[in-house]
Amino acid sequence: MNYYSLRDFLDVLEQNGQLVRITDPVMPEPDISAAAQAAINCGHYAPALLFEKVKGYVNRLVMNVHGSWANHALMLGLPTDTTIKDQFFELDKRWPGEVIKPIWLKDAPCKEIKITNNINLFELLPLYRSNKHDGGCYLSKACVITRDPEEPDNFTKQNVGTYRIQVTGKDRLNIQPLVFHDLAIHFRKAEERNEPLPVAIAIGNEPIITFMSSTPLEYDESEYEYAGALRSEPYQLIKAETSDLDLPAGAEVIIEGEILPCKRSIEGPYGEYTGGYSGTRLQPEIKIHAITHRANPIFENLYLGIPWTEVDYLIALNTSLPVYRQLKASMPEVAAVNAIYEHGAVEIVSTKCRMGGYGKAVAMRLLSTPHGMPYAKIVIVVDESVDPFNINQVMWALATRVNPAKHISIINNCPGMPLDPSSDPPGMSSKVIIDATTPVPPEPINEDAHTIELPENTDEWMQKIKKLMRKKEDIL
Amino acid sequence: MICPRCDSKNANLLVPSPVGNEWEMYLCNDCNFTWRSTEPENIRNPKMYDPKFKLTKKKISMMMVNPPIATSNK
Chain A
1 MNYYSLRDFL
11 DVLEQNGQLV
21 RITDPVMPEP
31 DISAAAQAAI
41 NCGHYAPALL
51 FEKVKGYVNR
61 LVMNVHGSWA
71 NHALMLGLPT
81 DTTIKDQFFE
91 LDKRWPGEVI
101 KPIWLKDAPC
111 KEIKITNNIN
121 LFELLPLYRS
131 NKHDGGCYLS
141 KACVITRDPE
151 EPDNFTKQNV
161 GTYRIQVTGK
171 DRLNIQPLVF
181 HDLAIHFRKA
191 EERNEPLPVA
201 IAIGNEPIIT
211 FMSSTPLEYD
221 ESEYEYAGAL
231 RSEPYQLIKA
241 ETSDLDLPAG
251 AEVIIEGEIL
261 PCKRSIEGPY
271 GEYTGGYSGT
281 RLQPEIKIHA
291 ITHRANPIFE
301 NLYLGIPWTE
311 VDYLIALNTS
321 LPVYRQLKAS
331 MPEVAAVNAI
341 YEHGAVEIVS
351 TKCRMGGYGK
361 AVAMRLLSTP
371 HGMPYAKIVI
381 VVDESVDPFN
391 INQVMWALAT
401 RVNPAKHISI
411 INNCPGMPLD
421 PSSDPPGMSS
431 KVIIDATTPV
441 PPEPINEDAH
451 TIELPENTDE
461 WMQKIKKLMR
471 KKEDIL
Chain B
1 MICPRCDSKN
11 ANLLVPSPVG
21 NEWEMYLCND
31 CNFTWRSTEP
41 ENIRNPKMYD
51 PKFKLTKKKI
61 SMMMVNPPIA
71 TSNK
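In order, the protein sequence lines correspond to chains A and B.
Using this note's numbering, you'd call the opening residue of the first sequence number 1 and step up by one each time.
Using this note's numbering, you'd call the opening residue of the second sequence number 1 and step up by one each time.
It should be emphasised that the hints constitute simulated quantities derived from the structure, not laboratory data.
Backbone N, C-alpha and C fix where the C-beta goes; we use that ideal spot for every residue, glycine too.
Treat the hints with care, since some could be wrong.
As the list claims (entries may be wrong) - Distance windows between CB atoms, simulated:
id, chain 1, residue 1, chain 2, residue 2, range
1, A, Asp107, B, Asn21, 16 to 24 Å
2, B, Ile69, A, Gly275, 29 to 37 Å
3, B, Asn21, A, Pro425, 43 to 51 Å
4, A, Ile465, B, Asn21, 57 to 65 Å
5, B, Pro18, A, Arg7, 17 to 25 Å
6, A, Gly77, B, Ser37, 40 to 48 Å
7, A, Arg7, B, Val19, 19 to 27 Å
8, A, Asn412, B, Pro40, 27 to 35 Å
9, B, Gly20, A, Ala329, 52 to 60 Å
10, A, Glu98, B, Ile69, 36 to 44 Å
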């Protein structure tokens, strides 16, 4: 099922009991963040929250749209009880061999209202401080669109990414492009010419482009073409007002502006996906030139706190899939990749082992993938029969397959993730590989390593028991 | 007006609430900190702001520039 706007998806969430309307007026602080954290605590079926009235503001706010496995399943058009592993393989089915080119619309609701004078973000968006010591209010879930200034006509090098953006004025923002992000490449090229970089920020989108915007694609892969492939139809775009940028046509709000060259000012701290505050840094400024929006726009944002919070769902399977595909291209024995923890800081790979030491080789390959190189810090490799999304099974593999002296390797002085509080210096880290696969020749095999078989017909019994449980629920 | 975070006097009203006189938002023009009149005193009061998050001129002078400013290679 495809959605063409945020509102389409909110309707489906509500029909499935996955959206809660907060009709009482709430204070921007601390109510919004407290409610978002509380919603997440509902686990697999955590709902989205639609705040109908935020005190002092005009428009509505929606939080936690992607923030549960049930909502994630609905994004993919699957039943709300779909397991993480099944969602992973559904995504794998749709992950493109061939991408689908987008189409351009001449008009869309996001152009209903145009503002070019006296821009004031606070009149449009119910902005709030997310965590107590954040430097200010943040846009945390927008799609940020830029083009490569050296190849302005190259569509696939146009980037759609999610970056933290601090509101530092009525028409001014500060943004964080880390050096390995595509946005940072675009901005560096513009700055080398001492030119501003045109930027568009799309807020409140149908869920797939937000999902793709958070996905670590290759530099010349298009998020719009991938979104088209995941939806099995061309993605709908519309042109920006002040630049040649292509925008998701279903957006609630589009902010257009420029990232200013050779200018930095204080940004942060910000409660990050690591569960801690990042430091304050001198980061680039955006001057806003125009805003277009739907009438009565809905501000979509997310809460970041001590994991798990919404962002953990948004960067879970879309971090896992590219790494899985990149490994599988040269190591076809790889069965699945779980990179859902802290943006892939901990990654669990299940694989069949071609030869002794193969588990370690898979981990080393992972540590040289574009995303794994800076982000992955702890790599655990398990047998192909172990479900890497089932932590009980992974722990069993660690408990019974790892001889620390042989199977744990530490590699020093590697690229790291600057926001990781253990990164030292920020941006560098050591890595650890834990090979929890069953030894294969020529590594000697301990005879106690022979695994017990599952009792026959276990799967049939599972279905039978589930049916019996559902009947009982009906009676109750 | 004094910034609760960096103690600069270069702070002012950013916006009143768009409807209802519910709050005012303030901005420090030196450190970009924003705060709302309805937040707790340990956010609004410079003397009560958590020392771990206070900014000093020394801290600001040592801040990392991200990304580093790119210079022309032509």
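Hint check against the structure, violated hint numbers in rising order: Going through the list in order, the structure violates hints 1 and 8 and respects the others.
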